[in-house]
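> Quick mapping for you: the protein sequence lines, in order, are chains S and U. Each residue of the first sequence is one higher than the last, beginning at 40 in the numbering used here. Each residue of the second sequence is one higher than the last, beginning at 1477 in the numbering used here.
Everything labelled a hint here was simulated from the structure, so no lab data went into it. The structure displayed is predicted, hence computed values, not measured ones. Each statement offered as a hint is correct.
Partner residues are not named here, just some residues of chain U that face chain S (Cβ under 10 angstroms, in silico):
#1 V1499
#2 D1586
#3 D1621
#4 E1667
#5 E1670
#6 I1697
We put the CB at the ideal spot given by N, CA and C, even for glycine.
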Amino acid sequence: MTGPAQGSADAVLMARLLARDPAGLGGIRVRGGPGPASDALLSVLAEAFAGRPVRRLPLHIDEDRLCGGIDIAASLASGRKVESKGLLAEVRGGLLIAASAERITAGRAGRIAAGMEAHGFALVLLDEGGEDEAPPASLTERLAFDFTPGQLGENDGARPGNAPPPVPRGATDAEVLAAIETTARLLGVAGTRPLLFTLRAAAAAAALAGRAVISTQDAAEAARLVLAPRATQMPAERPQELPPDNTDPDRAPPETSQTPEDVVLEAARAALPPGLEMLAAGRMRQDAAASQGGAGEKRRSPVRGRTIGSRAGMPGGQLRLALVETLRAAAPWQKFRRAAGGGQGLVQLRREDMRVRRFESRAETLTIFAVDASGSSALARLAEAKGAVELLLERAHAERAEVALLAFRGAGVELLLPPTRSLTRARRLLADLPGGGGTPLASGLDAARLLAEASRRRGRTPRILLLTDGRANIAADGSPGRARATQDAAAAARRILAAALSALLIDIAARPQPEASQLAEKMGARYLHLPRAPAAAIHAIAAS
Amino acid sequence: MLDNTHGVALRYLAMGFPFSAIVGQDEMKRALLIAAVEPRIGGVMIFGDRGTGKSTAARALASLLPPMDIVAGCEFHCDPVGAPCTHGGNGKVVRKPVPFVDLPLGATEDRIVGALDIERALVAGEKRFEPGLLARAHRGFLYIDEINLLEDHLVDLLLDVSASAQNVVEREGLSVRHDARFVLIGSGNPEEGELRPQLLDRFGLSVEVRTPQAIDARVEIMRRCDAQDRDPAGFAKHWRRADGKILRLIAAARARISDVQVPDEILADAARLCQQVGADGLRGELALIRAARALSALDGETELGRKHLRAAAPMALRHRLRRNVLDETGSTTRIERAMEELWP
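One chain only, chain S, in its complex shape (with noise of 0.2 angstroms):
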């Protein structure tokens, strides 16, 4: 259904829709990395908003500059305080595009989503995250529109033309209310906001093609656009969900007499992205998608770089000078200073003014639990493993540390717990363990590593725990045979230890296990044998 033409044409029309409302409609979050596509997406959208303010947002921007607040330079120079505008309130009412959007780290997120509404500015979010990274969650759930410009080559002279003036608008018609509100729920889109975009972009459309009133086709234009990304669920899957007065969305749509709610739904069915008819797996992409955001942020806001006050220094080598601050230190002394008349100069600073900044350097864990869930014991080992899990928790607010779930069974390995605080999320997410299978023990390993040197890049200190009998009988491959499984599982230990993480084995055979010691000192790991591996054994270990 959307060809080039197609995806060029959404791609004008939500330009188009936003410069009608960029205050109701939030803005556009684009995914995928920079590129001809994402180019053409931009110029169409200075183009929309052809006389207001287009603004980039560089990743590195300072919170003055962001905010507004005391120009330091221009303050110093005409020694009276001189206030900046902030970047957000000079992109009032116009468009702020982000780039490497799934850097922006929570703080950042909560002032540029204040921003948005105070000054009513269009977000364009670059997002280049792809699988493991995405934007604050905070502010994709701002932006009406998500927009994936695989399709958008060539920009085929699809142009935004000029905007009618506008019309008075009249009320909307309760058809085309329950309409959206059908198609939105029957797609599996939770949550009130997207229900409010799809009705402003729908009231941008009419008012775009002159009308006064929404009509059925604007409804259902606004439902490709904003609900179809969103959906988690095809519709045809929960039928009897729908009120009685509503038709059967499987049937065909009849030729005469089209209600709302058909046309409505059968546009948004029409784009919903491929791959959504495993309702499972629609389901927790949105669920990864919406945690991402969430614990990225988390991952990402206190670590390196993240001030946390000042003291008194001199700045080289690692300390930066904390300027402010130093200024700070400085201006009592200057009426006294000028008095005892040393020095020229309209600041007089002294070495013992010197503030540097101080940074924030907790050492976040974030413990991985990789746990063997092979075999007929998996079950019990998993309960206790979720146990330790959330005895770690419990205490995790103390110690910021954070806990991740493994699970490795069958043909491969399960991330059952994405690196967390949040008890609540464990708990929902660890509510239905699987179990049994064959032992993917290098898959298992592999995935633990990649897992800790992600945590490592983001500035964590990851350790991982690992519970096994050490007996691996599913190769890398995913192929059955001891031999190679073995032989892989040596190989994966090995690139543990070559990215010198720390690691600790817990053999949880009735006896000793020597597959599971080799391992263990393979991977430079310490072992412990503890059979049977109670909660509360385990999270003594892992907390000590």
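Could you slot chain U onto chain S? The hints should help.
Relative to the frame of chain S, chain U by itself:
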């Protein structure tokens, strides 16, 4: 500034959403009303998903309240009635809307508590305190979205000030103390990181909001937003009467609350309930009684009854229960079960 050639008006910015036009979310609205009637309650924590209207409701309540009189020229929102202003107020009185201060994530301690005024210090060599967000929130609301992501030491500080109603600054050679009485409203999604239990315990009330599921409610939300989008002024006018009613309710309850009698057996009931659910510490009991008293004042009654305790208990206690790893029952259910047992 507004781009009318494109048919764009930044209409969402100018007008808030009227409090009475908020669909559903009764518990949240009730908790906010309690906080407006009884500021000593010590803050409201709102748990819930994004986009459920948490900040809209808090903002709406603030803008519903009548403008307040302050001493002109005073940056600390001094009340003309009461102790004389010592912040350079000129003795005249001005009216200002009840402040609603949004505390951004990543705000520094300086910006929150206030700091040395660099300009004055540099130019005049004068040591002067530049008030921070706490001073701006005095006699109003301080709203912190995603409070669970805020640095712990800042949450500590905020709760301290909110409990003591005073901001004490001892730094950079400054020694300042000023009144900072505000209703603290925090919001956050526990799935994205939880608040330390010690901090949570210091919030007077907590509510859980969910996105409305009922079809009628969802359609009604759209209908009202549609109406506001089309004609913000008309919409505000339409709801003004309902908002005025709520305002009178708050004013009457404020006047009445100190007269509400609390019988001894109700005090005993409250203590027993706290014990039963395992909400230890005095804070829970105090919050429960205060919230219940505010509710009975809002109901126009002169004596605190069990029904008010019942209505207030989930809000006042659910965030204070000790978490039991083995028991996954929600806090609200545990409280309701305990009330069922105690007061069948």
